[in-house]
Amino acid sequence: MDLHFGDSEPTDEERAAVDALLGPPQSSWEGADRDGTGPADLRWARGGRAARDRRDLLLPGLHAVNDRIGWISDGALDYLCRRLTVPPAEAYGVATFYALFSVKPRPRTVLHVCTDIACAPAGAADVLAAARDRLGPGSGVLVQSSPCLGLCERAPAALAVRAGETVRTAVAAPATPDAAVLAATAPESAPEEPAAAMAVPQAGRAELTLLRRVGVVDPASLDDYRAHGGYTALRRAFELGPAGVIREVTDSGLVGRGGAAFPTGVKWKATASQPDHPHFLVCNADESEPGTFKDRVLMEGDPYALVEAMTVAGYATGAHKGYLYLRGEYPRALRRMEHAVAQARSRGFLGEDVLGMGYAFDIEIRRGAGAYICGEETALFNSIEGRRGEPRSKPPFPVEKGLFGKPTAENNVETLVNVLPILTMGAPAYAAIGTGRSTGPKLFCVSGSVERPGVYELPFGATLGELLELAGVRDGLRAVLLGGAAGGFVRADELGIPLTFEGTREAGATLGSGVVMAFDDTVPLPRLLLRIAEFFRDESCGQCVPCRVGTVRQEEALHRIADRTGADAAGDIALLREVGRAMKDASICGLGQTAWNAVESAIDRLGAYK
Amino acid sequence: MTAIPLGVPRRLLEFTLDGQETRVPEGSTILDACRAAGKDVPTLCQGDTLEPKNACRVCVVEVEGARTLVPACSRKAEAGMRVRTDTERARHSRKVVLELLASSVDLSTTPNAAVWLKEYEAEPDRFGPDAARIDQEPRVDNDLYVRDLGKCVLCYKCVDACGDQWQNTFAISVAGRGFDARIAVEHDGPLTGSACVYCGNCVEVCPTGALSFKSEFDMRAAGTWDESRQTRTTTVCAYCGVGCNLTLHVQDNEIVKVTSPHDNPVTHGNLCIKGRFGYQHVQNRD
Numbered sequence: 000m001d002l003h004f005g006d007s008e009p010t011d012e013e014r015a016a017v018d019a020l021l022g023p024p025q026s027s028w029e030g031a032d033r034d035g036t037g038p039a040d041l042r043w044a045r046g047g048r049a050a051r052d053r054r055d056l057l058l059p060g061l062h063a064v065n066d067r068i069g070w071i072s073d074g075a076l077d078y079l080c081r082r083l084t085v086p087p088a089e090a091y092g093v094a095t096f097y098a099l100f101s102v103k104p105r106p107r108t109v110l111h112v113c114t115d116i117a118c119a120p121a122g123a124a125d126v127l128a129a130a131r132d133r134l135g136p137g138s139g140v141l142v143q144s145s146p147c148l149g150l151c152e153r154a155p156a157a158l159a160v161r162a163g164e165t166v167r168t169a170v171a172a173p174a175t176p177d178a179a180v181l182a183a184t185a186p187e188s189a190p191e192e193p194a195a196a197m198a199v200p201q202a203g204r205a206e207l208t209l210l211r212r213v214g215v216v217d218p219a220s221l222d223d224y225r226a227h228g229g230y231t232a233l234r235r236a237f238e239l240g241p242a243g244v245i246r247e248v249t250d251s252g253l254v255g256r257g258g259a260a261f262p263t264g265v266k267w268k269a270t271a272s273q274p275d276h277p278h279f280l281v282c283n284a285d286e287s288e289p290g291t292f293k294d295r296v297l298m299e300g301d302p303y304a305l306v307e308a309m310t311v312a313g314y315a316t317g318a319h320k321g322y323l324y325l326r327g328e329y330p331r332a333l334r335r336m337e338h339a340v341a342q343a344r345s346r347g348f349l350g351e352d353v354l355g356m357g358y359a360f361d362i363e364i365r366r367g368a369g370a371y372i373c374g375e376e377t378a379l380f381n382s383i384e385g386r387r388g389e390p391r392s393k394p395p396f397p398v399e400k401g402l403f404g405k406p407t408a409e410n411n412v413e414t415l416v417n418v419l420p421i422l423t424m425g426a427p428a429y430a431a432i433g434t435g436r437s438t439g440p441k442l443f444c445v446s447g448s449v450e451r452p453g454v455y456e457l458p459f460g461a462t463l464g465e466l467l468e469l470a471g472v473r474d475g476l477r478a479v480l481l482g483g484a485a486g487g488f489v490r491a492d493e494l495g496i497p498l499t500f501e502g503t504r505e506a507g508a509t510l511g512s513g514v515v516m517a518f519d520d521t522v523p524l525p526r527l528l529l530r531i532a533e534f535f536r537d538e539s540c541g542q543c544v545p546c547r548v549g550t551v552r553q554e555e556a557l558h559r560i561a562d563r564t565g566a567d568a569a570g571d572i573a574l575l576r577e578v579g580r581a582m583k584d585a586s587i588c589g590l591g592q593t594a595w596n597a598v599e600s601a602i603d604r605l606g607a608y609k
Numbered sequence: 000m001t002a003i004p005l006g007v008p009r010r011l012l013e014f015t016l017d018g019q020e021t022r023v024p025e026g027s028t029i030l031d032a033c034r035a036a037g038k039d040v041p042t043l044c045q046g047d048t049l050e051p052k053n054a055c056r057v058c059v060v061e062v063e064g065a066r067t068l069v070p071a072c073s074r075k076a077e078a079g080m081r082v083r084t085d086t087e088r089a090r091h092s093r094k095v096v097l098e099l100l101a102s103s104v105d106l107s108t109t110p111n112a113a114v115w116l117k118e119y120e121a122e123p124d125r126f127g128p129d130a131a132r133i134d135q136e137p138r139v140d141n142d143l144y145v146r147d148l149g150k151c152v153l154c155y156k157c158v159d160a161c162g163d164q165w166q167n168t169f170a171i172s173v174a175g176r177g178f179d180a181r182i183a184v185e186h187d188g189p190l191t192g193s194a195c196v197y198c199g200n201c202v203e204v205c206p207t208g209a210l211s212f213k214s215e216f217d218m219r220a221a222g223t224w225d226e227s228r229q230t231r232t233t234t235v236c237a238y239c240g241v242g243c244n245l246t247l248h249v250q251d252n253e254i255v256k257v258t259s260p261h262d263n264p265v266t267h268g269n270l271c272i273k274g275r276f277g278y279q280h281v282q283n284r285d
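Those protein sequence lines, which keep their order, are chains A and B. The first sequence begins at 0 in numbering that gives the first Met the number 0 and counts up by one. The second sequence begins at 0 in numbering that gives the first Met the number 0 and counts up by one.
If you are wondering where the hints come from, they were derived from the structure by calculation, not from laboratory data. Mixed in with the good hints there might be a few duds.
List of simulated lysine-lysine pairs, BS3-like, C-alpha gap at most 27 Å [stated by the list, open to error]: (1) 393(A) / 94(B); (2) 273(B) / 393(A); (3) 393(A) / 75(B); (4) 400(A) / 268(A); (5) 405(A) / 75(B); (6) 268(A) / 393(A); (7) 117(B) / 38(B); (8) 38(B) / 94(B); (9) 393(A) / 405(A); (10) 320(A) / 400(A); (11) 320(A) / 405(A); (12) 393(A) / 320(A); (13) 400(A) / 75(B); (14) 405(A) / 268(A); (15) 320(A) / 268(A); (16) 268(A) / 75(B); (17) 75(B) / 94(B); (18) 213(B) / 273(B).
Just need the whole structure built from these sequences, with the hints factored in.
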């Protein structure tokens, strides 16, 4: 590859940030000072496959610069491209894809104020306005509105990120203007976030399965994890062998918890049986569906469980490398998982010879950079590979050609964590939980108009009403959003809906990723729908026309009818239906296909704009 | 004697296309089958010399049993598949996609756009006068070709032609996201500061005229561009020993643009800067 670079030079700080990740450059081909005499400069340039193989370090490299400087300059981008043999035009395309990066100068500190559907009714607009007012130009802080930060149980939420040699982050949730400004101006002295268990109202109860260790174990201690039953599932897996594990998972009836409900055993078997090697395991922890925060709580409260579950999944599918793609807006989950992976590695639970059983497995954590679309499995692969996070067309499916074009099993955090009880209690006992077609326990992210928002664990089959009662639903309930922005609304008189995949489907709704967001009658519905439409417009990757332009037209139409009802809105609603239908039918991926769901359900079920 | 590459013999597979049993070679796309059967399916981002990107979604067809419509350009025909190309559902999506495109970019130089808009009874104006458009001035920053992003449908063909599918120069990429996504060189600067080698292979594959030769752009601006008065003559480039085919587009005894036949088994429509732009000496008559 004959690359062309401009004249922009990196600053010393930018160079140091990249070198801290990649090591010092080996020759002037990679951007070192040219002395003209060294053998490396004269005779050697890393090229061909060896150079292209490092393309996947582009996203970590962009993070390294952005973390240190706060933005990515032309010089820094060019230097990173030189180091990785990546064309600058492509790297520019990648850097501009992600919301957390900037290719224009900005202050070192960015305050992300969530204005999404859980935070908006809780007063996010006031926090944003006050923060903007008090942190104007010259304050050293850039205030931005943000999509859902996954802190819905403590809405409204704000996240401050200060670039520097070590990145400082601080969370203000529930955010008052004072707390948000303090987090942004002095992230090092902002109060510590409450423990993950505070997001689990049922914490410590005996009937819990997935959440049983959250708030009970020390999330930093591997020994404590083992004292609470950790690593019994992996030992059981080694007894069963890979095929035995897949059989157990298949018999358990486990289906994916990320939203698509695909049978996990089928996916694992398909991956394991591929002749092409190596196989990869990818854990999707890019939890970005507005209203979803269960994976964050699991990773913050019981990080070793995910490490163990990924090891089991890797063992079953014949993978020796697992990638954990973790949402960029989850700094604490990242710290906890990094610590857990390092501990597990140093103690022989990861590495060349896991538990002395002759199986090699390791986990690499990759951080997202602000893109909802990267929760789509193939977009996530592209993101890890250092490309724009655009979905690929299927077929071929990931089990055949996934990450780096190799057979890949990709699972959501909650799905993987379910594998542990399947192995410890056995498939029949697990399958006895829940209903016949939706087996096992399920996590629900309850937020909005309830007394005790948080992550709840219930066996499949509980009704929506039972869940809301548990969470202490407030008076005046008008609607419940099931499944997040990509899901749909149900009415307050439909609380008998059983929370199962088949039950919600029969009711014309969706379980999605387990979002249950309650809205009372004080929330202006048109404003809420507009926020959902804005979300999809912002998060569309732009690859296919129905989604790229359709989400814009949807938002425009909802803007027009924000204050209209009846006949005045009928024309635009007809237009919305036509565009929505085309988005659902013709978009490449689930983002475009579901971008109209919530609006449609609000019109049809809730009678919005009537 | 010229050797004509025949390729590996392929098995035929059978599937149903609009109720008709159809046999196509294994590996054919639904679009290949449609074209072989003489059916008209509109396409924009599909290129005869490129891997299908299936980004425009204007070629969607209905496959029985599939939850969503599928792009004919990239979906391979499978034995036993039942495909319908002209259902109300497929036509609806094509119509809306055409409306979305026509309401957001300028399709005036897209061949067939007007015909398709009429055929599908598309009404791009119904999104209202305030519908967001990609309104950008054409970027004229060099003497050879012009980028008019107000006409760009983001089909990715230029990116693929510049990248690993043909040229391996990687001078352009899609930058930004969603409706703000644009084709750009590094740092979104002018072409002259980029890795561009001016082979013009991106212009060759552009389906909308968003990329056009400066000669054509200037003549269109002056109102003198008239394809009905142009002749096309395919000849051999004289610059080097490769012997690429050139098609000279001549109007009023002046070469106004150079393309290359896409079915050439060696070059597949690709040229270098010399063949594409180095024709001035032919018409220096002094």
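Going through the hints against the structure:
Distance restraint check for residue 393(A) and residue 94(B): the Cα-Cα separation of roughly 24 Å lies within the 27 Å cut-off, and the hinted pair is therefore satisfied. Restraint check for residue 273(B) and residue 393(A): the C-alpha separation of about 40 Å exceeds 27 Å, so the hint is violated. Proximity of residue 393(A) to residue 75(B) is assessed by CA-CA distance (about 11 Å); at most 27 Å being required, the pair is judged to hold. Our distance criterion of 27 Å between C-alpha atoms is met by residue 400(A) and residue 268(A), whose separation comes to about 15 Å.
Distance check on the hinted pair: residue 405(A) and residue 75(B) sit about 20 Å apart at the alpha-carbon level, within 27 Å; holds. For the suggested pair residue 268(A) and residue 393(A), the alpha carbons sit about 19 Å apart, so the restraint of at most 27 Å is met. For the hint pairing residue 117(B) with residue 38(B), the CA-to-CA distance comes to about 18 Å; that is within 27 Å, so the pair holds. The straight-line distance between the Cα atoms of residue 38(B) and residue 94(B) is roughly 17 Å, inside the 27 Å bound, and the hint therefore holds.
Proximity of residue 393(A) to residue 405(A) is assessed by CA-CA distance (about 14 Å); at most 27 Å being required, the pair is judged to hold. A distance of roughly 16 Å separates the Cα atoms of residue 320(A) and residue 400(A); the hinted pair therefore holds under the 27 Å criterion. For the proposed pair residue 320(A) and residue 405(A), the alpha carbon gap of about 12 Å is at most 27 Å, so the pair holds. Distance check on the hinted pair: residue 393(A) and residue 320(A) sit about 24 Å apart at the alpha-carbon level, within 27 Å; holds.
Under the criterion of a C-alpha separation no larger than 27 Å, the hint pairing residue 400(A) with residue 75(B) is consistent with the structure, at around 16 Å. For the hint linking residue 405(A) to residue 268(A), the alpha-carbon distance of about 15 Å falls within 27 Å, and the restraint holds. For the proposed pair residue 320(A) and residue 268(A), the alpha carbon gap of about 17 Å is at most 27 Å, so the pair holds. Taking the CA atoms of residue 268(A) and residue 75(B), the gap is about 25 Å. The hint holds against a cut of 27 Å.
With a C-alpha separation of about 23 Å, the suggested pairing of residue 75(B) with residue 94(B) holds against the 27 Å cut-off. Restraint check for residue 213(B) and residue 273(B): satisfied, since their Cα atoms lie roughly 15 Å apart, inside the 27 Å limit.
In summary, the structure is inconsistent with hint 2 from the numbered list given earlier, while agreeing with all the others.
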